[in-house]
Structure formats: C-alpha cells, structure tokens
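J.: Chain residues, written in single-letter form:
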Amino acid sequence: MKKVGFYLFVVLSVLFIIGCSPEKDSTNEDSTKPSNDSVVPAAENGGTLNLVTIDPNGFGERIEPLWLNRGGMHQRLMFRSLFLPDVDLQNLNPDLAASYEGSDDGLTYTITMKDGLKWHDGEDLTAEDVVWSIETVLKATQVNAIYTNAFSSIEGAADWIAGQSDKLAGITAEGNTITVKLDNPVGNFLPVLGQFAIYPKHLLKDENPLEIHNAAFWENPVGNGMYKLEKLEPGNFATFVPAESYEGTKPKIQKIVLTAVAEPTSAAKTGQVDFFNTNVAEFIDSMKAVDNFVAHPIDILFYRYFLVNMEDTEGNVNEKMADKRVREALMYGIDRKSLTEQLYPGLAAVLNTGVPPTFDESYTDAPEYEYNPEKAKELLKEANFDFNETIKLRFYYGDQTSINFMTAVAQYLTELGMKVDVLQFQADPTTELYKVRDYDIALKGLSSFGYEEWYGEYESTNSNMINIFGLDGIFDDGVAKLKETVDAVERKEILQELQKQEVENLYKLPLYTVNSYYYVNEEKLKTAGIYGNPWYNYDMKFEEWEIK
Amino acid sequence: MLKYIIRKSLVTIPMLFVISIIVFFAIQLSPIDPISYSASPDVAVDSENLEALREHLGLNDPLYIQYYHWIIAVFKGDFGYSIITGQPIAKILALKLPATIELSLLALVISTIIGVAMGLVSAIKPNSMSDYFSRNVAVLGISIPEFFFGIIIIQIFAIQLGWLPISGRIGVNDVTFWDRLPNLILPSFTLAIGMLAVLLRYTRNSMLDVLSKDYIKTARSKGIPEWKVFIFHAFRNSLGSILVILAFRLPMLIGGSVIIEMVFMWPGIGNAIISAVSSSDYPVIMITTMMLASAILVASFLVDVLSAFLDPRIRLE
Amino acid sequence: MTMTTSAIEVKAKKTSLLKIRMKKMRSNKLATIGLLVCIGMTLLSVFAPFITSYDPAQMNLSNITQAPSAEHIFGTDKLGRDVFAQVLYGGRVSIYVGVLSALGGTIIGVLAGAIAGYFGGKIDSILLRFSEIFMTFPQLILVLVLVSLLGQGVNNLIIVFVITGWMTTFRLVRNEFLTVREETYVSVCRSFGIPTSSIIFKHMLPNTMSPIIVAFTVNVAGFILAEAGLSFLGLGVPVTTPTWGNIMNAAQSIDVVTNYWWLWLAPGIAISLFVLAINFLGDGLRDILDPKQ
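Protein chains in written order, with the numbering used here: chain D, 1 to 548; chain R, 1 to 317; chain P, 1 to 293.
By construction, these hints were calculated from the structure, which means they are not laboratory data. Check before you lean on any hint, since a few could be wrong.
To be verified - DSSO-like cross-link-like pairs, simulated, lysine-lysine; straight-line CA separation at most 30 Å: (1) P/K122 / R/K125; (2) P/K122 / R/K8; (3) R/K125 / D/K205.
As the list claims (entries may be wrong) - Okay, the calculated bits of chain P under chain R, using three or more residues with CB under 8 Å as the criterion: (4) 127 to 137; (5) 194 to 207; (6) 276 to 286.
All C-beta atoms in this analysis are idealised placements derived from N, C-alpha and C, irrespective of residue type, glycine included.
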C-alpha cells in the first residue's frame, strides 16, 4: 500500500515540477545559451542565420518547388522572378528584368532582361529560360492559379495547353528582349510576373511538365538568387551560402541554416531559430514568454470562411441550406466576434465580405451580422427550417485552435436548436470538398494574392467550385471585369458591386482573416524591418540583414 | 532440422502475396486521392492539368491492372516511385531505414540491459522490496502513453535544462555518430521504457524457473558461491528463452515506433509510413508494408527455429 | 446420475477454489488496489452527471483557461469548458472503447480458438493461417488503412481494434483446447452424447478461463493506450468527442504544457492511472490464477 502511494507521489511530483515551472524559463535561458553557441559556431565572417520550417512531419527530402507556393525565405533567396515587388506586392523593381514597357491597350508587354545573368551552376540565364518557364507552367500540375489565370490570356495559350501547337504563339524572345502578346488585358499581369519564379531550362527541359514538381532536380536545385544551396541532408537540414553568380549587392550574412520543428517556441528558447513567421494562435500565445524575440504582426489576405454546399453541376439543390434565411441565421447565431477575440487574440479580424472592413474597397453597407441568437431563431422559423435534419459540419485543419473553433460553432448551432455533427475530413480536403461533397458547411481557408481569387471562386469556370455552387455564374461578368482592370478607382467600383452581390446571395459565409506574425531574435539579428506576406515574393532588403 | 526450416520458410511466400493483395485493394478503396492531396485547397489551383497527371500515372486504370503492373515491377526489383514526392522508393528506404534501425537498435540495447538486469535483481529475492520496485517501475513504463512521456522528457531535458536537443537526428555540424548521439538519447530512452516490462517479467520468470531446478540445488549443495550459481548456472540456462523474446522484437528494427518518431521528428520509416498513408501514396505504402510483413515473418521464423533448437520436442510435432 | 454428482462436486470444488483465489486476491494488495481503482474510475465516469453539475460541452468564452479553483476543481480549457467534467465524461468513451474492443476481440478469439482447438484438422489449419496473416500484417498500417476506410467514429474504432486484436486470445484458447481435448473427461462427455457446443462451452472453456481473463485485462489497457496514440496521430475518435486521448492530445502544444498544466495533467493522470490499475490487476490475476503457485 505504502509502495503504491510512493510511486504515485513520485509520478505526481515529477509532473507538477514540469507543469509548474514556466517562470523558470527566463532564468534558464541564460544558462542554455552558451551551450547553444557551441552547437552553432558563432559569428565567423558574418555569422549564421538559423531558419526553420514549421512542420510536424519534419524536414523533407528536398527543397519544395515554387510554382504552387512562392515559398519561404530560403526559396525566395534562391530563386528570383523578373521583377522584385515592394512589400505591397504591386510596385515593381527590376530583378532578372532590367526594364519593361506596356502598350496602352494593355495587350502587349516588352521586357528587357539584364545582361550577364548566371545560374548558380555557372550557365547563362537568358530570355529563353523565361519563355520556357512560362510555357511549361501552363502545362504543369502543381501550379498556383494566379499564374494559370494570367498566362492563359497569352495569345495561343489554349492551343498550346491542348497540345495543338508546339509553341506558345504569344511569347517570343529575341536576344535580351521578351515580347508578350495577350488576347485580353490582364490587370495583374506584371505583379504576377513579379511572383513567378524562373526555372533553369537547361536542367529541367527533359522533365514531363506534369511531373516537374517531382523532378530529382529539387533534391539539389540550382537557382538564380542571392543564395545557393550548400548542402541538403534529407530529413534533417539544409544550408545556404551566398552565390558568387549574384550580380546585386552582396549580402552580409554568410550562412543560412534551415531545420524543421514541430513548434517554434522551443526552438526559439534554445536558439535553434532566429527568425520565423507563423499564424498559429498557440505559437503566438507561447511566444509571449520568449523575451529576446520581437513580434511583428502583418495584415495579409488569408481568409477563413464557411463554404456552403449549395448545388451541384446537375442542378440538384441541397434543401437544408437552400433558403438564404437559414444561412443568414447561421451568421447571426455564431458569435464570431467573441470567438475570434478569444481563440485568435490579436490575430484574426472579423470579415463580412471578400474585402476586409479596414480596406478602402470595403462595402460599407454590408451587414455586420452581430451575434443575435433570437434573430437567428426567428429567421430559421420563417424559413421553416426542419430541426430534425442533422447539419454536417466539416473541416480539414488539424491544429487545436481550429478544432476548438469548430467545437464552439457546433455548440452555437446546437443552442439554436439544430442537430449538428462535426467531423474532420478523412480523405484529402480537395476530394472531400468537391467530389465526395458529404457536408452542408465546411471550414475553408484561402491564401490570396488579390481579390481575384476570392471572387474567382464564384465563377462558373472554376472547375472545383461549380460542384458546390452550381453553374449559375451570376458573378461571372463582375469577376471578368475585375480581372481585366488595372485602375484603382475602377477596381473599387467593381468590387463594391461584387460585394453587394455577395451579400445578396451569401454562398460563402465569411468568418475572419488571419494575420501573420514575424518573430525576430533582435538580440542576435538586425533586419531591414520590412515584413510582408510570407507566401509571396517581395523585397525584404535581405542584403542589409546582419548578425550582431 | 533443415527440413523444418525449409518447410517454415516456404509458407511465408503465399502469405506475403495474400497480404500484398489485401493492402493494395484496401488502399484503393480509401477515398484519398494522392493527386489532389498534394494541392492544399488553401491555394487556388487550376485543376485541369491534374486530371492529365492522374491519367499519366495510370491511376485511372482498373485496379487489377494497376496491381499487375505493380507486382511485375516488384519482381523485377523495381520498387517504383512515390506519387507525392516523385522519389524512387528504394531511395526513400535507403534514407529512412538507417534512422529507424539506429533508434530501435539503441532502444533495444538499453531496454535489454535494464530489463534483464532488473529481472535478475527481481529474481534474486522474489517478493522483496527490490523485486517490487523493479516490477512496478516496469508496469509504470507500459502504462504511460509514450507520446505523453516523450513530451514530458522533452520539456525537462531539452527545454528546461537545455542538456539535449529537442528533436531531429542530424545537426548541421554533426559528422560522426558520436556527434549526433545526444539526439538519440531522448527518443531511444522513451522507446526503451515501454519495452522494459516484458523483458523483465520474462527474465524473472525463467530465472525463477531455472533456480527451482534440481541441478541448481546440486550446485548449491556442492558449496559453489551463490553469485556463481546465479550467473554461471541459472542465468546461462535462462538465456535461451530471453533470446526468443529478443527475436520477437526484431520487426521493431524496421517498424520502429511511429509515435515516437512523430514526437521527436525522427526522419525514420514510421514517419514515411504516416505521410504515405495520409496521402494514399500507394507505392510507398505497399513497399513498406511488405517490408514490415517480411520482418515479422523472419522474426517469427527465428523464434520458431530458436525454440525448436532449444526444445527438440517442437521439431517432431 | 453419476454426471450430476460429479457436476456438483466440480461446483463445490470450484467455490472452494474461488475462495482460495479471493483470499489470494486480498493478500495481493496491488491487484486489489488496481481493481478498486478501475471500478472506482468507471463508476465516476458512469455517474458523471451526479458528480459534476457541468456539461463537458458547455463553453464559457468569458472564463477560459482558468486555473483550478473551488468552482472548477480541474480548471477550465481554452473554450471555458470544465476540465473535471471533461475528464469524467471522457472516461466513459475511453473505458467503453477499451472494454468493448477487448471484449469483442476476446469473443472472436475464444470462438475461433475453441473451434480450431476442438475440431483440429482442416478448420484448425485454416484458422491458424488466417490468424498468422493478421499477425504478420503490420498492425499500424492495418489500423491506419482501416480508419481511413471506415471513417472516424467511436464504433468504427472499436471495429478496427477488434479486427486487429483477436489473435492472442485465439492462439491461447486454441493451444489450451488442443491439450485439454485429449483429457479423459472430454472423451467421457463425448461418449455420453453431450452436444459439442455444450462440451466446448460448459466443460472445456471454464478450464481455460484464467489465461483468457488475464489476456482480457492486458487488452483493455492496450486499447486505451492505442486510442490515445491514434488520437495523437489525429486518427482516433472524432476530435469533438471527449476521450482521455483527445483531451490530452488537445493539450500537447508547448504553450499548454508550460502554461496551463491543468489541461494535460488531469487527463494524463487519469489515463496513466487507469491503465496502471488495470496492469496491476492483470499482473495480480496472473499470479492468482496461475495454478502452479
């Protein structure tokens, strides 16, 4: 008897010691630091910058390709685009291109490349590489829609994609000059080129474009940026050093080490990382206890919303959700404000349309759907909602805050008298959302370069979304106009119209946008102080960064 | 004996075949589509080319044709490619197997040494304080969820004390095995804890069994010192059954512990299996399954042979 | 006539054996404590509504992550739910999964084992091959594939556990039956024309009960841990159902581990304590039921 008690006591006391000692962190930090310095050799001509990817599955076997996600810091530093945008992603500076010219009708662009550009392996980087990259991306599979949307307006793109021509007619290279001819104006053509990473033709031309994202090239990629890959230890780490071939200002930091962690806070405490970004609420909360790191929040267009399963391409309507008053009731019945404040403090902002309320283009007459369970119940009653039907609520994010969010939403709906069944999708989200379609409401996210992607989801040409929104295409005209327009005033008008339509139809239930946070160990690292959307290419003036 | 070995080993081939069929068709029934898996719905993706890729990879063929292609290729020694990363599976195995073997082997050594030692201590004085202590520590070891234990020791030794790395296998400056030994300590210890109980119980019981035998009494009556009786007579005779238990553990060298690999971000085979299953990357799942199944078959084969060797009666059955 | 008297004798013998075992049980303190803890925790979960007035699903966003207090003895979680209520109700599902899976596995194992062991021959070798295939199958892959096929759900998880967990009991029962089959009383029964099912279940099975019971307890412990492990991998019971595994999994982030110890300590101890108790009980039963001692 005594023995059992003794063991239990030992276990409990060990558990309590760990549990109750967060205060010790700050004092322990000092004692851990010296040992870390011995792990990573200290400042030797410029020092080492430690980066991490946050991935519970650990470090991969390769560097990820860049046509789906423009990528993290290391990818931005390894691969360049024709232009280097400012932090707003719109204002373009020369990068691989020296200059450009656009015709007044917005149908022709002439781009002049810099002279003497080199790949990291010493080969010449020419206009040929650019033309080949644009041609290939149109036939590739793991591709962000911003590229396919913009480049499929190039003359002859349809024939080229279908394999009916052996050349993309609208794009030609002559010496250093690239000429692009479009069928119709594309409002964000140049900003998209500012994102589009150029791949080396001489190393990838024999790959099947369909599988270019799986080429062996990515195990040892040859880039064109400020840094080149020094070593990649599969499953463990990668290191990068400044590339001799880079023609711009030489960076001060002499080495970058990239590892993977499941969560960044422990890495921050132990010195495994000097700089990272995250939008996970738990990490942001736990980073408050790490003193030497400074947080820099940034606003980005990363949406979270409920996708309503309305109608398939055959015109079969989901009766449960068909009445707009039911969808409105959901908006009034969920306390979005309290939820975002408690679960995503300082991280999320409530959203009422595709344009966040703080932006100029926002539609000020959009209802704010303030929490009002009585109104919600009334709306449900008016709509003759059948309370015996079970509402299938689904999600695919595995992080705890999303799980908590969905649990809470289920609870709100239960309080309205609805029967709810919440599950995380079993299969891959894309198949579940657009093929299996066994849900009424699903939580979805969307990382956007511009409003075009949010509104593009309503288009009847969106091969995924038509499976749940049907083929009505009531937004088609407005979205097409938005995609062609460059002028800011005109765009604002179009967006006002689109938002009005959105409020009238309520196919997507907007929830909130998620900000991102950059964390900098300012005791060790001096940055240029420019932080932008971490998923896109922009000038963070990395050459000015230094290790103190 | 030889006949017995041959008979036993011939049974394994049809067994592997049946397993491969079951796994193949079970995976194909799963709703996960490896092609759409690799594109997150958070990023707007143009899906038309994806269909072309699916066709190109033969994923639209009837299942039996896919299976036929697969098995023919395997017989030719071609393990195929991962659908998700495009890497040759032979290469994935070459990268991940050593990590898992390294981890499991160390855990096996640690748990064997501690387990057998504790079993011996228990057997010296059954029902004594030390017997109680070691037996209950072992039971405690199998009662705490391993991920929980892992998280706790990471908190203590990596974060609070800062003595050991949090996770990973090879650091940037690690060149030799000794450089990366610190990375091994926490995961292998966590893995070993859960394996103590069986070894301890087994050692203790077989020791007690042997100690009650007549020849031990004879040895004692001859006036041989007690410790010599214990080590040279009793322990040596119970070694056989301990070896049998170790043979049972062999599949672990390949399977490792998936959960521990996840907690410590160990780039091993368990890690590969989890990501393959969650993305329905069937070429990878098939090969890892066959490999694990073969390991289990080899181990149970070894157990049979060892037991037959130790106890001739089994052979005649 | 002789049959009935012998049956009575057997019964009398049984009760006395039972008495001896009870006595042994009482003298084995750890096993007794294990048993009491198991029963106690199960009762607490079953009668949860009488023990706590909180609903485990009831959120209170104005009262999140409160440390333990008189009002919430285990504190509240990130949605302001009462952790004590969650642990109590979570025990229901965890124990349900553990016990029912072990029960299912035992029933299948006993049935198949009895049939294989009693009849021998072809049926035996078929069933044996079958069990060998299941044993050879990498368990983890089998579980992963089955979970992704059947979908998440408490009952689906039990099905998966039953499918992957019947083989030990099967082998145990089969081997016992193979030896018992040759004993005199079985051939006596047969010559009296007693139906086969009656011979198997009334006469032979009771003789193999002890190892089955021990295997059962080991399986309950194993399945409860397996549920927690699968929850850790995100493949267990739906995340919104409170189980010890899910509550703990929700609390594994570093921020929770260091700042909100009550969120993981309670479910962590609950799960470890219950499994520990069952393992002590199983260990004790092994000693008590072992005829050699």
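J.: Does each hint fit the structure? Answer for all of them.
T.: So, going through the hints one by one against the coordinates:
no., hint, result
1, P/K122 / R/K125, "violated (47 Å)"
2, P/K122 / R/K8, "holds (18 Å)"
3, R/K125 / D/K205, "violated (74 Å)"
4, 127 to 137, "holds (count 6)"
5, 194 to 207, "violated (count 0)"
6, 276 to 286, "holds (count 4)"
Of the hints listed earlier, those the structure fails to meet are numbers 1, 3 and 5, in rising order.
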